[in-house]
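Chains as they are written, first to last, in full-length UniProt numbering: chain A, 1 to 356; chain B, 1 to 356.
Note that these hints are calculated values from the structure, not bench results. What you are looking at is a predicted structure, and each value in this text was computed from that prediction instead of being measured. Glycine included, each C-beta is placed from N, C-alpha and C at the ideal position. Please note: incorrect hints may appear among the correct ones.
[What the hints assert, rightly or not] Computed beta-carbon distance windows for the label pairs:
#  : chain 1 : residue 1 : chain 2 : residue 2 : range
1  : A       : Ala326    : B       : Gln95     : 43 to 49 Å
2  : A       : Gly94     : B       : Gln194    : 56 to 62 Å
3  : B       : Glu226    : A       : Gln54     : 24 to 30 Å
4  : A       : Gln43     : B       : Asp162    : 28 to 34 Å
5  : B       : Asp187    : A       : Gly299    : 45 to 51 Å
6  : A       : Gly72     : B       : Ala159    : 54 to 60 Å
7  : B       : Asp162    : A       : Ala326    : 55 to 61 Å
8  : B       : Gly94     : A       : Ala326    : 48 to 54 Å
9  : A       : Glu277    : B       : Gly136    : 40 to 46 Å
10 : A       : Asp300    : B       : Glu282    : 52 to 58 Å
11 : A       : Asp342    : B       : Glu226    : 51 to 57 Å
[Claimed, not checked] Derived list of chain B stretches under chain A, where covered just means 3 residues or more per stretch with a C-beta under 8 Å from a C-beta of chain A:
#  : stretch
12 : 147 to 154
13 : 162 to 171
14 : 175 to 186
15 : 284 to 297
[Said to hold, decoys possible] Okay, the calculated bits of chain A under chain B, using three or more residues with CB under 8 Å as the criterion:
#  : stretch
16 : 133 to 143
17 : 158 to 168
18 : 178 to 187
19 : 286 to 296
20 : 339 to 350
There are 2 protein chains.
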Amino acid sequence: MGVAVSLTESGRTTSQDGSGVSVTKPGEAGLKGLADYLASDMQACNRVIVERMQSSVPLIPQLAAHLVAAGGKRLRPLLTLAAARLCGYDTRDGQLRHVEIAACVEFIHTATLLHDDVVDESQLRRGLASANAIFGNKASVLVGDFLFARSFQILTADASLDVMAILSAASATLAEGEVMQMTTQNDLSTSVEQYLQVIYGKTAALFAAACEAGAVIGEASAEQREALRVYGANLGMAFQLVDDALDYAADQAVLGKEVGDDFREGKVTLPVLAAYEHGSEEDRVFWRRVIEDSEQQDGDLAAALERIAATDAIGITLARAEDYAAKAREALDLFRQSELKDLLRDTASYSVSRER
Amino acid sequence: MGVAVSLTESGRTTSQDGSGVSVTKPGEAGLKGLADYLASDMQACNRVIVERMQSSVPLIPQLAAHLVAAGGKRLRPLLTLAAARLCGYDTRDGQLRHVEIAACVEFIHTATLLHDDVVDESQLRRGLASANAIFGNKASVLVGDFLFARSFQILTADASLDVMAILSAASATLAEGEVMQMTTQNDLSTSVEQYLQVIYGKTAALFAAACEAGAVIGEASAEQREALRVYGANLGMAFQLVDDALDYAADQAVLGKEVGDDFREGKVTLPVLAAYEHGSEEDRVFWRRVIEDSEQQDGDLAAALERIAATDAIGITLARAEDYAAKAREALDLFRQSELKDLLRDTASYSVSRER
Chain A
1 MGVAVSLTES GRTTSQDGSG VSVTKPGEAG LKGLADYLAS DMQACNRVIV
51 ERMQSSVPLI PQLAAHLVAA GGKRLRPLLT LAAARLCGYD TRDGQLRHVE
101 IAACVEFIHT ATLLHDDVVD ESQLRRGLAS ANAIFGNKAS VLVGDFLFAR
151 SFQILTADAS LDVMAILSAA SATLAEGEVM QMTTQNDLST SVEQYLQVIY
201 GKTAALFAAA CEAGAVIGEA SAEQREALRV YGANLGMAFQ LVDDALDYAA
251 DQAVLGKEVG DDFREGKVTL PVLAAYEHGS EEDRVFWRRV IEDSEQQDGD
301 LAAALERIAA TDAIGITLAR AEDYAAKARE ALDLFRQSEL KDLLRDTASY
351 SVSRER
Chain B
1 MGVAVSLTES GRTTSQDGSG VSVTKPGEAG LKGLADYLAS DMQACNRVIV
51 ERMQSSVPLI PQLAAHLVAA GGKRLRPLLT LAAARLCGYD TRDGQLRHVE
101 IAACVEFIHT ATLLHDDVVD ESQLRRGLAS ANAIFGNKAS VLVGDFLFAR
151 SFQILTADAS LDVMAILSAA SATLAEGEVM QMTTQNDLST SVEQYLQVIY
201 GKTAALFAAA CEAGAVIGEA SAEQREALRV YGANLGMAFQ LVDDALDYAA
251 DQAVLGKEVG DDFREGKVTL PVLAAYEHGS EEDRVFWRRV IEDSEQQDGD
301 LAAALERIAA TDAIGITLAR AEDYAAKARE ALDLFRQSEL KDLLRDTASY
351 SVSRER
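Sequences are here, hints too, so could you generate the full structure?
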């Protein structure tokens, strides 16, 4: 069951025009459109990623190659490239700063993924065995550190203090978000506000930084730079809310990772908070046992999915996501009409409608 | 049994003048002397460390406070402070760049320690329970990431591209050294050359960077900068060789961590390589079982210590350390005579004679 289907069931829609079934996947073309539009930049970025992962220590490029092969959406580097281009970044003189910084953003993200998978003990990532499952936790921690250090070497070579300030602050916020997530784990007294802080830190801060860094490279005005930061932050919030919904609502084969990961780890995400708040007393006894006491038995995931469906917790989560996506689209209003602007608007819609 | 005693037993001495028993701990006063000489700078550095560890996420300062309380030698930040001062860095106008960068160096080091303890599953660090033993592996990975990100925020604020290049490259080399150490673990075919590469990466590179960064802040000439880099690199090599000796030769109560950690983890360090090379065929069968096959039984550590003593493996390791320490001292020759220069020379001697 994909998220779009759940939406239809709950009477909500993620489409901009609300026209129903034919737009259950609005924006799907949008992200592909964005990737197609920036294909040449993105190819250059992939080359930089592979080049900069090289090391005289063989295990590093080996593990890196596994990550590159696993692919992923490459959404964050696309945002940097798109923001730079939207602000008119010109590469006719051969400079490719936006490509270098996009690679840097992907390195920071990949380092975080490596460490997350260690912290969460995940076995699957993007439909493949996770790096820690193949190479072990030690290698994942250390190669993550290497990628993080390498990202700062790229920033140093680029020599923009503004870009450095944006990305080093985002990296610190990212770590804070992950720590905060850890401390809210198994705690059903976590407020929605605290949950939103966690997802801002763990996801939206880097989306915002990826966009803002692109704007700086594109020599944006202060207003444009702020607009792109706001676009990225809201897009990131929408993206993470949908991620958290997909963990309870996705088709595992489409999702490419295990459904119910968050449940098994006792993560307190909005679907759980909503199901807990809107559930019966019996529901709350259930959630306290499985999330707070971590006492999970066979059949508990299925029971959780039923309770989530009964309380429309996925619908509530996706409605929030759509609010953020709408804010992301609005933030682009100050840019004049262009194909790229439309693609970025579509990407915000896609962030809500996606099934993986 | 301290290292100095082993040295006397093996007929070697670590003292500069070779005068025997009265100098079994040469340089002991040197490190304390260096710390005393730079006490005011170091106090300022400790304040910066505490300030910059603050975060709205309570667990971060909590875990950080544990690390600060555990203390440690603070050798790396001392090196940055000393190098800046040796090159004439003047703080009369109120600037304290050397203090900020020294704190940054300590953050990079602390982040590495946190991740090391996770990777090695260590229970003790500097005589106290390690952070991962108290706060768990997750918190150690994530707070390490936070400190690493924060160090780059400090660098960005300092705004010297040279210092950034030095410290971001050292951070990447550090991770490479750790990965290489992991891949040589349990492998007795590791060459001494490969072992030296590992310890350069995991330790000497950051010592070198700490010194070189201080020199840049002190507006050193190219020759002075290079001399301090060479001093730091050789000091770091000596320091790590002695660390590896202490793991087999130290008094655990003095050392402040578990003796035999490296042995239990199957780390291939010079004491083991030397004992393997110079041992009997029976010795080699023993080392292959305990290190390569990781089959360790009660009494094996004691047996390892005996085999190490019989082959003078500690003496061989410390002789190498003394060679590096001598090179470190020589590198300072181009600086004119000063109390600080003498203290840095003594620190090189201390790096070999220390018992913890």
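Taking the hints in turn, this is what the structure says about them:
For Ala326/A and Gln95/B, the hinted distance range of 43 to 49 Å is satisfied, since their beta carbons lie about 48 Å from each other. For the pair Gly94/A and Gln194/B, the beta carbons lie near 40 Å from each other, so the given range of 56 to 62 Å is not met. Between Glu226/B and Gln54/A the beta carbons are some 26 Å apart, a value that agrees with the proposed interval 24 to 30 Å. With their beta carbons about 33 Å apart, Gln43/A and Asp162/B fall inside the hinted range of 28 to 34 Å.
Checked against the given bound of 45 to 51 Å, the beta carbons of Asp187/B and Gly299/A, roughly 46 Å apart, stay inside it. The beta-carbon spacing between Gly72/A and Ala159/B, approximately 34 Å, falls outside the hinted interval of 54 to 60 Å. Checked against the hint of 55 to 61 Å, the C-beta distance between Asp162/B and Ala326/A comes to roughly 46 Å, which is inconsistent with it. Remark: the range hint 48 to 54 Å for Gly94/B to Ala326/A is upheld by a beta-carbon distance near 49 Å.
Hint check: Glu277/A to Gly136/B, Cβ distance near 29 Å, so the stated range 40 to 46 Å is violated. The hinted window of 52 to 58 Å between Asp300/A and Glu282/B holds, with their beta carbons roughly 56 Å apart. For the pair Asp342/A and Glu226/B, the supplied restraint of 51 to 57 Å holds, since their beta-carbon distance comes to about 55 Å. Beta-carbon proximity to chain A at under 8 Å applies to 5 residues in the stretch 147 to 154 of chain B; the threshold of 3 is reached and the given coverage holds.
Against chain A, the stretch 162 to 171 of chain B contributes 5 residues with a C-beta closer than 8 Å to a partner C-beta. That satisfies the three-residue criterion, and the hint holds. For the stretch 175 to 186 of chain B, the stated coverage by chain A holds: 7 residues have a C-beta nearer than 8 Å to a C-beta of that chain, and at least 3 were required. Counting residues of the stretch 284 to 297 of chain B whose C-beta sits closer than 8 Å to any C-beta of chain A gives 0, which falls short of three, so the coverage hint is violated. Counting residues of the stretch 133 to 143 of chain A whose C-beta lies closer than 8 Å to any C-beta of chain B gives 6; at least three are required, and the coverage claim holds.
Against chain B, the stretch 158 to 168 of chain A contributes 5 residues with a C-beta closer than 8 Å to a partner C-beta. That satisfies the three-residue criterion, and the hint holds. By the rule of at least three residues with a Cβ nearer than 8 Å to a Cβ of chain B, the coverage given for the stretch 178 to 187 of chain A holds, with 5 such residues. Here the stretch 286 to 296 of chain A counts 0 residues with a CB under 8 Å from a CB of chain B, which misses the bar of 3, and the coverage is violated. Here's how the stretch 339 to 350 of chain A fares: 0 of its residues keep a CB closer than 8 Å to some CB of chain B, so the rule of at least three is not met and the hint is violated.
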